[in-house]
Amino acid sequence: MSAHLGPTPLRVVGQRVPKVDGVDKATGVAQYTVDVRRPRMLYARLLRSPHAHARIRHMDVSRAQALRGVRAILTYRDVPPVVHAGQPQPRAGSLARDQRILEDRVRFVGDGVAAVAADHPDILEEALALIQVDYEVLPAVFDPFEAMQPAAPSLHGTDRNLVIPPFIVRHGDVEQGFAEADYIFEGRYETSRPMPAYMEPDACVCEFDPSGRLTVWISTQAPFMVRGSLSEVLGIPMSKIRVICEHMGGGFGAKQDLYQYPYLCVLLAQRTGRPVKMEYTREETFVAGRSRHPVVIELRQGVTRDGRLTARQARFVANSGAYASHGPGITRVGTNALASLYKCPHVYIEGLCVYTNAPIAGAFRGYGAPQAYFALESQMDEIAAQLGLDPIELRMRNMFQPGDRGPAGTPFREVMLPACLQRGAELIGWAEKRQRPADPGPIKRGVGVACQLHSATSYPAVKEAAGAVVSINEDGTVQLLIGAADLGTGAKTVMAQIAAETLGVGLDAIRVVSGDTDVTPYDIGAYASRTTFIAGGAVQRAAEDAKRQLLDLAAQELHAEPADLHVTDGVVASRSDPGRRIAVKDLVASPGGRSARTIVGRGTFAPRNDYSFAAQFAEVAVDTETGQVEVLQMVAVHDVGRVINPTTAEGQVEGALHQGIGYALMEDLVVDGVSGKALNANFADYKMLTALDMPKIYVELLESVDDLGPFGAKGLAEDGVCPTAAAIANAIYHATGARVRQLPIAPDRLLELIP
Amino acid sequence: MHRFDYLEPATLSEAVALLAQHGARARVLAGGTDLLTALKEGWERPDWVLSIGRVADLRYIRYDSRDGLRIGALATVREVETSPLVRKHYPVLAEAAGTLASVQIRNLATLAGNVCRASPSGDTLPALLVLDAEARLVGPSGERRVPLARFFVGPGRTVMEPTELLAELVLPPPRPGTGAHYIKHSLRRAMDLAVVGVAALVALDGETCVDARIALGAVAPTPIRALAAEEQLVGRPITPDAAEAAADLAQAAARPITDVRGTAPYRRRMVHVLTRRCILRAAELAQSQGRLP
Amino acid sequence: MKRPVTLTINGERQEVAVEPWWTLLDVLREELGLTGAKKGCDRGDCGACTVLLDGKPVTSCMVLAVQADGRQVVTVEGLAAPGHLHPVQRAFVDYGAVQCGFCTPGMIMAAVALLNETPHPTEAEVRAALTGNLCRCTGYAKIVQAVMAAAQHGGAA
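Residue numbers (my numbering), protein chains in the order written: chain X, 1 to 755; chain F, 1 to 293; chain Z, 1 to 157.
Treat the hints with care, as some may be off.
Claimed, not checked - Derived lysine-lysine pairs resembling DSS-like cross-links, with alpha carbons at most 27 Å apart: (1) X:696 to X:444; (2) Z:2 to F:88; (3) F:88 to X:677.
Unchecked claim - If you want the ones that stay clear, here's a sample from chain F, every Cβ over 12 Å from chain X, calculated: (4) 63; (5) 84; (6) 88; (7) 245; (8) 252; (9) 259; (10) 265; (11) 270; (12) 276; (13) 281; (14) 289.
Claimed, not checked - Just the calculated beta-carbon pair ranges, DEER-fashion: (15) Z:13 to X:55: 53 to 59 Å; (16) F:3 to Z:152: 31 to 37 Å; (17) F:62 to X:632: 51 to 57 Å; (18) F:65 to X:749: 46 to 52 Å; (19) X:210 to Z:3: 55 to 61 Å; (20) F:228 to X:190: 52 to 58 Å; (21) Z:152 to X:460: 46 to 52 Å; (22) Z:83 to X:427: 54 to 60 Å; (23) X:156 to Z:83: 40 to 46 Å; (24) X:10 to Z:152: 57 to 63 Å.
Honestly, the hints are just simulated from the structure, not real lab data.
Even glycine gets a Cβ: it sits at the ideal position worked out from N, Cα and C.
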């Protein structure tokens, strides 16, 4: 079952093939959840709390109920009182059940308190306004450090408002490590609250057929998790739930969660007997979506005179907002990331995840690592500056070796950071630009670097697996069934390439079916950086299984040994006697009138994990009179193992850089510290970079030889966003001498720090 | 979206009559980009929306050297931005128009609408102020002309009566030797709202500044002129020191607030930096104007 | 009260009864089944709903359907004959400019409008013309490449 790294040249893998669904998307034909319309469909929306923390004394829906066109209203009295986890991932040991579909208590501005279904969206706003809610406002807390104080209001009755007990990573003895240090560096790093801001707002359509079977069209990264959660919480057997997500307009992690709305939409459909659609407004995606966690990291490191790390101690304090969502998971990943990246003999890291009355933080690209690496890589730059070492040299002196254990506890098979650093330095002209004399005038340029390493999967928190089915049609074309959803990354295309390569058929012979729980094999969901790695491995195995069946059949038909046969362009032929050949389609359905054969290949893949590496370099120009930062260029060198499709792989890094630069400079959902209201819950005031704001980007993909994943592929999706903010902060330091330890690096804040 | 009845007069007099009839219960729709946002958010809840979109003869940009520039109420921001007349005679206005939102929005939004919206950060307003623009208003009792310097009353508020329409913006012809510049200070390079906007106009006679106008956006309840800063410049050459001194006075004139787009101290500081830069750039442009044949 | 409006959409005249507060976007999507134009923000901030109105790109969420009465509308569905691709659509597919695809119809319409006006734009002009269209997946890199490539291959077709 090893990967094909042998001498056989690859035909499809490694090629820049266009996306299999590109034409559908470019012509507007592709149907997203928001495009779904059903006959007699109702429209629904949530009433949301204006208070950050309150108890509901009384609700009166009678006036709303009387409005013409209103078909159903649900309040906490009308829903099953099940406590659930909000995020449906079965993350062993990191799951907190703290959410209800509706409750007589609200914990953030935007918490849902009622749902209305009506004939037309026009009516909804008025109906919601007619619902009277009598709130008893409770004290609220927004800062995680305040929330941990004994006097703080308690959100869920846990000790110090902690979501989970502190997560500790410890090896060696930090006291000893600090004693061995010549210098000790200390810093407090604070990160912001960026939003995934996927372009397709959250949406679902729920419909029961007369026999009680439920179909849910939903914009989700994890159709099987949606099915499982709906089944568990609403008590509907899985066989009676079909979850469909054919095309989705981005997710970036957040669309793994199951928010309140799909539960309510199902219940409204149940109550009215009609299909019901719920679609978030853009504002709702901000206030009732999931952000990246704001984190405060207190980091202290000891280092010798010659730049060797001796000790690292840190506290990682994540603001989970009102519910746990992925707080437990990101705390684990972020704390592990803080313990890693460079070799350090004595480490003690404490990860805390704290409830507050802020909007809910969840999974968003990087999952704790962007925060950790912002702190760690900023401090590495501080150490280098203080010791008079080149930042690359300092990193090289503390580099891991193959066999050392990575953040997931598994050993590195290869450490590609030195290669990434070296290539990136060449591409950006590091040596020359670091020596460049200071610019005259108020605009100062500088270059900086930061690294990351990342595990493709959630191992060991989740022992992941993916499944795939390959079925050969009578004409020799192929149905490829994968459970993984395609968020828009190109997963379907990459899966098709892996199947075509393995089977020896053309790419256009493959039809990829995904995102339908009635049809595809199980998949835990498209999250982390796992789909190419794990689902791709399953596809490869399924295709190998189907191919083996084909070759066995062909061996009988051709009186040949299976080992002597190969499949090329849909034809099975003998290597030793090329004249002996038969088309795949004739193997499946013989021209003689016999019924077609069933050839179905199955594959599952459950690896542990693999590490990918990157070094990113930023060149900036800082206006020292206004504090404005222009990123002039980004160089991103990533080791991702075998590149299945260079175009989609580059696209992952390019898109991650968009989010990473935004994270560094401007993206932040600002929550008022008194009211708990989000102050910029729209695209005018939540700043995402436009096409004019994006700098020149150079992406280079290094392909280490590693045969664990399909054809040697590793994960990539999250990596690109992890080191970007630190690379930019370090470049700003090089340009100006200002060390910014808080994100985003807003002009006013930077101006105060410029010496 | 707030629900309303819709009126669509075909002539200006019909529009004025309808507005007189419905007055404060009506809102005027031209391009709609501001009004639709207000209706969707529920900030405005009029019974009537009166569209002037089909009123004949309001969509024009005309120029002659004696009367200057006339921009009809329906001329879009994009038309102003790309108009050869505007680009030639009032380049700062084209420049400012080009900073407003996106091409898609500029194809809908009207310049007159941007004026009537009276946002403190309105992108075209500082430029119109330094160009001494006037608004021609028509109402039930006839017409009046109001200089924009006296037009804005507060955020979203103007001297217009609920029964009045802005029919036209009028800009006097530029004097020779004039340079003007607009700096929009925002986090993004496009699709953004000004944290601070500064427009400066400088007229030179040889080396000597004979006329100067400075307007500031997003630092007071309305866009404002920095009159003391202007006076500081007139009668002497525009040197870095002179610009610095004027910038001090402009900064003193600013009364910014702190909001999610920027803090008051930062805005004040930016008024200084940007005013200095804007004056020096305007002077450069004035000098190159003077060198033209 | 609903009133009839006549729209010429992708070359076909259509009469449709609309409420005065309905946007052109909602009428295209909900009444006429043209779901290519997407509702990404409903405030004119993201550009996913971009269509051509009398040849000019506009955010259709910021236009009332009654304002569009009697006018020409082109949506992404109408750029090319069935089974064919407009050169800009072709380039978006070939250059990997499409990821999740939700911004794609609006992005393509903005690009088509640019090339109709400026058949051979500079990269800076392309970027400026696309600032009204937010994309969360691509960092715009391959989108800009695609538009430049379409321009070289006669994208104004």
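Right, here's what the structure says about each hint:
1. X:696 to X:444: holds (18 Å)
2. Z:2 to F:88: violated (46 Å)
3. F:88 to X:677: violated (47 Å)
4. 63: The assertion about residue 63 (chain F) holds, with a minimum of 30 Å to chain X.
5. 84: holds (24 Å)
6. 88: Non-interface label stands for residue 88 (chain F): nearest chain X Cβ at 26 Å, farther than 12 Å.
7. 245: For residue 245 (chain F), whose nearest Cβ neighbour in chain X is about 17 Å away, the distance exceeds 12 Å, so it holds.
8. 252: Consistent with the label, residue 252 (chain F) stays out of reach of chain X, its closest Cβ about 18 Å off (over 12 Å).
9. 259: Per Cβ check, residue 259 (chain F) is inside 12 Å of chain X; nearest 8 Å; violated.
10. 265: Given a closest Cβ separation of 8 Å, the condition is violated.
11. 270: At about 6 Å from chain X, residue 270 (chain F) fails to clear the 12 Å cut-off, so the statement is violated.
12. 276: violated (9 Å)
13. 281: Consistent with the label, residue 281 (chain F) stays out of reach of chain X, its closest Cβ about 14 Å off (over 12 Å).
14. 289: Nearest chain X Cβ is 25 Å from residue 289 (chain F), so the label holds.
15. Z:13 to X:55: 53 to 59 Å: holds (57 Å)
16. F:3 to Z:152: 31 to 37 Å: violated (49 Å)
17. F:62 to X:632: 51 to 57 Å: violated (43 Å)
18. F:65 to X:749: 46 to 52 Å: Holds, at about 49 Å.
19. X:210 to Z:3: 55 to 61 Å: violated (38 Å)
20. F:228 to X:190: 52 to 58 Å: Violated, since residue 228 (chain F) and residue 190 (chain X) (Cβ atoms, about 41 Å apart) do not stay within the stated range.
21. Z:152 to X:460: 46 to 52 Å: holds (51 Å)
22. Z:83 to X:427: 54 to 60 Å: With a Cβ separation near 43 Å, residue 83 (chain Z) and residue 427 (chain X) fall outside 54 to 60 Å, so the hint is violated.
23. X:156 to Z:83: 40 to 46 Å: With Cβ atoms ~57 Å apart, the hint is violated.
24. X:10 to Z:152: 57 to 63 Å: For residue 10 (chain X) and residue 152 (chain Z) the Cβ distance comes to about 30 Å; the hint is violated.
Of the hints listed earlier, those the structure fails to meet are numbers 2, 3, 9, 10, 11, 12, 16, 17, 19, 20, 22, 23, 24, in rising order.
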